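Novice: 122 is the number of the first residue of the sequence shown in the working numbering; add one for each residue after it.
Don't read these hints as lab results, they were simulated from the structure. Here the structure is a predicted model, which is why all the values come from computation and not from measurement. No residue lacks a Cβ here, since even glycine has one placed at the ideal position from N, Cα and C. Where hints are given, some of them may not hold.
Label-pair restraints from in silico Cβ distances [said to hold, decoys possible]:
| hint | residue 1 | residue 2 | range |
| --- | --- | --- | --- |
| 1 | Leu479 | Thr582 | 49 to 55 Å |
| 2 | Gly669 | Arg514 | 54 to 60 Å |
| 3 | Asn727 | Met763 | 54 to 60 Å |
| 4 | Thr509 | Gly669 | 46 to 52 Å |
| 5 | Ala697 | Lys612 | 24 to 30 Å |
| 6 | Ser745 | Gly1206 | 57 to 63 Å |
| 7 | Lys963 | Thr542 | 52 to 58 Å |
| 8 | Leu242 | Lys880 | 52 to 58 Å |
| 9 | Tyr468 | Leu492 | 42 to 48 Å |
| 10 | Lys670 | Ser745 | 21 to 27 Å |
| 11 | Ser403 | Glu364 | 32 to 38 Å |
| 12 | Lys670 | Thr858 | 53 to 59 Å |
| 13 | Lys670 | Leu962 | 57 to 63 Å |
In silico DSSO-like pairs for lysine-lysine, Cα to Cα no more than 27 Å straight-line [as the list claims (entries may be wrong)]:
| hint | residue 1 | residue 2 |
| --- | --- | --- |
| 14 | Lys670 | Lys443 |
| 15 | Lys921 | Lys1211 |
| 16 | Lys360 | Lys613 |
| 17 | Lys612 | Lys347 |
| 18 | Lys360 | Lys771 |
| 19 | Lys963 | Lys820 |
| 20 | Lys771 | Lys990 |
| 21 | Lys921 | Lys843 |
| 22 | Lys360 | Lys451 |
| 23 | Lys1013 | Lys1193 |
| 24 | Lys820 | Lys908 |
| 25 | Lys771 | Lys843 |
| 26 | Lys1211 | Lys994 |
| 27 | Lys437 | Lys612 |
| 28 | Lys828 | Lys990 |
| 29 | Lys963 | Lys994 |
| 30 | Lys828 | Lys880 |
| 31 | Lys361 | Lys771 |
| 32 | Lys880 | Lys1014 |
| 33 | Lys990 | Lys1193 |
| 34 | Lys458 | Lys360 |
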Amino acid sequence: MPTNFTVVPVEDGIGENSCRSADSVFREEEKEPLRGHHSGDDCHQESSPFISPDHDRGHFYDGKNMALFEEEMDSNPMVSSLLNKLANYTNLTQGVREHEEAENEDGVRRVTITGSQMGTLIGVYLPCMQNILGVILFLRLTWIVGTAGILGSFAIVFMCCACTMLTAISMSAIATNGVVPAGGSYYMISRSLGPEFGGAVGLCFYLGTTFAGSMYILGTIEILLKYIIPEATVFVAEKKTDEPAVLLNNMRVYGTCCLALMALVVFVGVKYVNKLALVFLSCVVLSIMAIYAGVIRTVIEPPDYPICLLGNRSLKNHGFEKCLKIEVVKNVTHTTKLWSLFCDSEYLNATCDEYFTLNNVTEIQGIPGLLSGVIKDNLWGDYGPAGTFIESRSHSSVPALDNSQDLLNPYIFNDITTFFTLLVGIYFPSVTGIMAGSNRSGDLRDAQRSIPIGTILAIGTTSFIYISCVVLFGACIEGVVLRDKFGDSVKKNLVIGTLAWPSPWVIVIGSFFSCCGAGLQSLTGAPRLLQAIARDGIIPFLQVFGHGKDNGEPTWALLLTAGICEIGILIASLDAVAPILSMFFLMCYLFVNLACAVQTLLRTPNWRPRFKFYHWTLSFLGMSLCLSLMFISSWYYALVAMVIAGCIYKYIEYRGAETEWGDGFRGLSLSAVRYALIRLEEAPPHTKNWRPQLLVLCKLDSDLQVKHPHLLSFTTQLKAGKGLTIVGSVLEGTYMTSGSDAKTGEQNLRTAMSEAHTKGFCHVVVASNLRDGFSLLIQSAGLGGMKHNAVLMAWPAGWKQAQDSYPWKNFIETVRETTSAHQALLVAKNIDHFPGYNERLKEGTIDVWWIVHDGGLLMLLPFLLRQHKVWRKCKMRIFTVAQMDDNSIQMKKDLQMFLYHLRLDAEVEVVEMHDSDISAFTYEKTLVMEQRSQMLKQMQLSRTEREREIQSITDESRGSIRRKRSSVVDIPSPNTLQVPRIFIPKNEAQLIHDRNTASHFGMNDKATASTPERVHMTWTKDKLVSERARNRESNIAVKDIFSMKPEWETLNQTNVRRMHTAVKLNEAVVNKSQNSQLVLLNMPGPPKNKEGDENYMEFLEVLMDGLDRVLLVRGGGREVITIYS
122 MPTNFTVVPV
132 EDGIGENSCR
142 SADSVFREEE
152 KEPLRGHHSG
162 DDCHQESSPF
172 ISPDHDRGHF
182 YDGKNMALFE
192 EEMDSNPMVS
202 SLLNKLANYT
212 NLTQGVREHE
222 EAENEDGVRR
232 VTITGSQMGT
242 LIGVYLPCMQ
252 NILGVILFLR
262 LTWIVGTAGI
272 LGSFAIVFMC
282 CACTMLTAIS
292 MSAIATNGVV
302 PAGGSYYMIS
312 RSLGPEFGGA
322 VGLCFYLGTT
332 FAGSMYILGT
342 IEILLKYIIP
352 EATVFVAEKK
362 TDEPAVLLNN
372 MRVYGTCCLA
382 LMALVVFVGV
392 KYVNKLALVF
402 LSCVVLSIMA
412 IYAGVIRTVI
422 EPPDYPICLL
432 GNRSLKNHGF
442 EKCLKIEVVK
452 NVTHTTKLWS
462 LFCDSEYLNA
472 TCDEYFTLNN
482 VTEIQGIPGL
492 LSGVIKDNLW
502 GDYGPAGTFI
512 ESRSHSSVPA
522 LDNSQDLLNP
532 YIFNDITTFF
542 TLLVGIYFPS
552 VTGIMAGSNR
562 SGDLRDAQRS
572 IPIGTILAIG
582 TTSFIYISCV
592 VLFGACIEGV
602 VLRDKFGDSV
612 KKNLVIGTLA
622 WPSPWVIVIG
632 SFFSCCGAGL
642 QSLTGAPRLL
652 QAIARDGIIP
662 FLQVFGHGKD
672 NGEPTWALLL
682 TAGICEIGIL
692 IASLDAVAPI
702 LSMFFLMCYL
712 FVNLACAVQT
722 LLRTPNWRPR
732 FKFYHWTLSF
742 LGMSLCLSLM
752 FISSWYYALV
762 AMVIAGCIYK
772 YIEYRGAETE
782 WGDGFRGLSL
792 SAVRYALIRL
802 EEAPPHTKNW
812 RPQLLVLCKL
822 DSDLQVKHPH
832 LLSFTTQLKA
842 GKGLTIVGSV
852 LEGTYMTSGS
862 DAKTGEQNLR
872 TAMSEAHTKG
882 FCHVVVASNL
892 RDGFSLLIQS
902 AGLGGMKHNA
912 VLMAWPAGWK
922 QAQDSYPWKN
932 FIETVRETTS
942 AHQALLVAKN
952 IDHFPGYNER
962 LKEGTIDVWW
972 IVHDGGLLML
982 LPFLLRQHKV
992 WRKCKMRIFT
1002 VAQMDDNSIQ
1012 MKKDLQMFLY
1022 HLRLDAEVEV
1032 VEMHDSDISA
1042 FTYEKTLVME
1052 QRSQMLKQMQ
1062 LSRTEREREI
1072 QSITDESRGS
1082 IRRKRSSVVD
1092 IPSPNTLQVP
1102 RIFIPKNEAQ
1112 LIHDRNTASH
1122 FGMNDKATAS
1132 TPERVHMTWT
1142 KDKLVSERAR
1152 NRESNIAVKD
1162 IFSMKPEWET
1172 LNQTNVRRMH
1182 TAVKLNEAVV
1192 NKSQNSQLVL
1202 LNMPGPPKNK
1212 EGDENYMEFL
1222 EVLMDGLDRV
1232 LLVRGGGREV
1242 ITIYS
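With the hints as constraints, model all of the structure from the sequences given.
Specialist: Have a look at this one:
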């Protein structure tokens, strides 16, 4: 697993030749190989992590007993060397201490590193306690208990604490499965679930930590302005109704100033924060002890905090001293200050508020004590909308008809609308902070022991504190006081402070410093988390935040953190900020549980945590609980957090660096693939599920580059079916000598596939010859049920001009093998003329010539092509051929109905091809074809001589053809397709070496067509005789052939009929589809007798003559399209 660590060798002062400057720093980076450097001439240095350089190896192993393994030392180090490196391993502090640098006398910087000495108590337990117990406990827990009731609060605390406990179990398993470097939870998630999930959740955790800083700062300012220095407000409300808005503005001003001060402290040095950490922890501990001491004191002597009720409404206990309307002093009745608050004068005949007149005032004790029985009244919740009065359940009142002045009177009312789910979102931040131990793993003496024990004990302790506080608050404090968020009924005292002993100021001061310390720690930890994400390089635009000061302090990350934290401060409400950070923390905990569950279920060999008390069901339960709490707290915040995480995930997937961390999702993918392949193997796919699984046979040139890149583009255009794509190629040779070329070829194939946007796999095999290599690919490509069912290849252009017969023989053998394997075959002619990936065909047609039924592949392919943007604007036309005894009108109707049932939109046309006499042109093409085959079998000449002889024989044969033609009267029938006539001058025999084919080769294979060995000459009989006389002795067999008189009657009639079909069909196709964008033709099968292979190539050449883009299609012997749903 990728780690960042530093090894500091100990200088050996024994001996004069000892190393004074060894490798001072040994770093292992994720993307860079381990390497060392020389720092002295007399000192042995390592150029690899474990062994010596090559020039020292002989001396190093001289006289050793390991000579048998010398050649393997580069990749497999000796165990002693490995153990030595591991023994010297030192993990630097995870960003919580500064590097103290000094310069030695040589001017070389050295890093002084102290050993990790912290145990479970100091390193994990107390930091987790300090992070968990905080602002919510002191400022909002009493209000939550009063609003939700003891039972509701218990449910909230139990759910949140159960969530963190289950997460801690999962986190302990992950943290004890190896070393957890900088990044803490981010590192655990990213290395378990992959860079995409790790980056997304890591950034969410960063945002949560940043908003936590805002919450702690707002808590600090609330304590300052409400309970310590209420007079220090910048803005003062002129009207009573303006007080909430003025309070928010004061929070914004003081919060911004506090944030700037804390950011400056963090920027100057983290060591100052660390020195104050013990002070902040002491404040938390003393505050908790004061609360429990106060509860015990209420049994003996409850504190005196009188609460004034008007009817059953609670009053703000400031502005008056006595809870009386009138008082009698020396037999004289006087009004009180309370009277003045509700009446227009201090006289008894003054006009007073109607509710004030109808109801009496009552004074009760705000802290009746543990034995008072008030717990019965506080069992159930009391929710209400904003503006609802805080009323006592045990007192009655007379309602007033006029309530217009109620908001101006000194009543206490809800400042926000309260409901159960809101309280869950506000409370949950009080249980966060469980990652504090894992973030300090580098500072622990035994991290794999301390993290589980310390974290789980801290969660157990804090859970006990929260649950006991819920019960004790409900049993000791009156309900109207509990629901008084800011303590207005107890003379603006902190409600939890009224319960504390010996003084409320213990809680006020302790909570103030606790919130300050938590805010500083958030501003310290969040930038380092962002720096860890940036240095991983998975999010390109964050790389600037990976840099900082010379000592490693993340300056830029601190600035961004302060900016985001300011957003939370501008919200200015603790109750509004808390649910936001709850979402981010819950999402982080959700993925910690998911990571543990995935790793446990996959049972990967590397999953060996030392913490054994975990199970995948607990992880799934924790994950479900986290997800439920997200939507319970705030469904819209949950959706926003998920959208943010999803966008980050897709961005990393699209633009992030390619990183392999051996994450669990990759293992999950492998398990899913294995399961799917086994399922696919059980039965062949149904026709409805059939899609072209292509094996693309590509050729590589001498530079190992793809010879026909448009073949890959065409593959992409065909993949609207979303099937499998395997791109294969063959190199001649042996794997021992050509293995590196095969890897280079595969890399070039991947590059070409990426440029053509072809998604699939590529493989280059090395075989003794191309024939065996292609056969190997056709037989073995794919795996299990994911095997190819179609082969796509390019037409072997220039097969006639090739120096040997291997190209067309390999092609025909490939056709035979695909037929034997029951696989479809697609052969593209002029593949370099096909449109590229970025081209757009504005108009045109895709013409399908459906001659024989091949399972429907001919009709399915145009449909798939038209799903791609390149062919989307092309129309589909289907042509079929009607024979003499066919009803063409009925055929057209039937075909249209068939296409309708297939849900295909296409024009239908039936081409009538009646029986007709075989033309002279057909005999001529057949004659030339047979003569070429015969001569190639009998002549063993050089290529140049062979072509000259072929031309000579063909010239003389053409003479006989002309003589024969002069006696033939050909009257064209109006119902037959006209065949072009060839007129040859009488005074010379001219060789027409398949002009159409030659011109086609000239376009597609210019290099081959322009070779100097190619001969196109016109021969007279005199020249022919002289040439034959010159080569008479070496060409005995040629004279025998020359003495033959090839006539039409001697031709193979099967070849004549096939040539006639090819000529007539080609003429019909050219007539109808010469200007179409693509022509799809049924590909006839190869001859069973291999002696007719070259004739087969000639038939195909004639069939495609005069067409630009042609796709020959041969079905695989099964139906691939159906009319049924």
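Novice: Next, verify each hint and record whether it holds.
Specialist: Okay, the hints, checked on the actual structure:
| no. | hint | verdict |
| --- | --- | --- |
| 1 | Leu479 with Thr582: 49 to 55 Å | holds, 51 Å |
| 2 | Gly669 with Arg514: 54 to 60 Å | holds, 57 Å |
| 3 | Asn727 with Met763: 54 to 60 Å | violated, 30 Å |
| 4 | Thr509 with Gly669: 46 to 52 Å | holds, 50 Å |
| 5 | Ala697 with Lys612: 24 to 30 Å | holds, 27 Å |
| 6 | Ser745 with Gly1206: 57 to 63 Å | holds, 60 Å |
| 7 | Lys963 with Thr542: 52 to 58 Å | holds, 57 Å |
| 8 | Leu242 with Lys880: 52 to 58 Å | holds, 54 Å |
| 9 | Tyr468 with Leu492: 42 to 48 Å | holds, 45 Å |
| 10 | Lys670 with Ser745: 21 to 27 Å | violated, 43 Å |
| 11 | Ser403 with Glu364: 32 to 38 Å | holds, 35 Å |
| 12 | Lys670 with Thr858: 53 to 59 Å | holds, 54 Å |
| 13 | Lys670 with Leu962: 57 to 63 Å | holds, 58 Å |
| 14 | Lys670 with Lys443 | violated, 61 Å |
| 15 | Lys921 with Lys1211 | holds, 17 Å |
| 16 | Lys360 with Lys613 | holds, 19 Å |
| 17 | Lys612 with Lys347 | holds, 11 Å |
| 18 | Lys360 with Lys771 | violated, 51 Å |
| 19 | Lys963 with Lys820 | violated, 31 Å |
| 20 | Lys771 with Lys990 | holds, 24 Å |
| 21 | Lys921 with Lys843 | violated, 37 Å |
| 22 | Lys360 with Lys451 | violated, 38 Å |
| 23 | Lys1013 with Lys1193 | holds, 16 Å |
| 24 | Lys820 with Lys908 | holds, 21 Å |
| 25 | Lys771 with Lys843 | holds, 21 Å |
| 26 | Lys1211 with Lys994 | violated, 43 Å |
| 27 | Lys437 with Lys612 | holds, 7 Å |
| 28 | Lys828 with Lys990 | holds, 25 Å |
| 29 | Lys963 with Lys994 | holds, 6 Å |
| 30 | Lys828 with Lys880 | holds, 19 Å |
| 31 | Lys361 with Lys771 | violated, 50 Å |
| 32 | Lys880 with Lys1014 | violated, 40 Å |
| 33 | Lys990 with Lys1193 | holds, 25 Å |
| 34 | Lys458 with Lys360 | holds, 20 Å |
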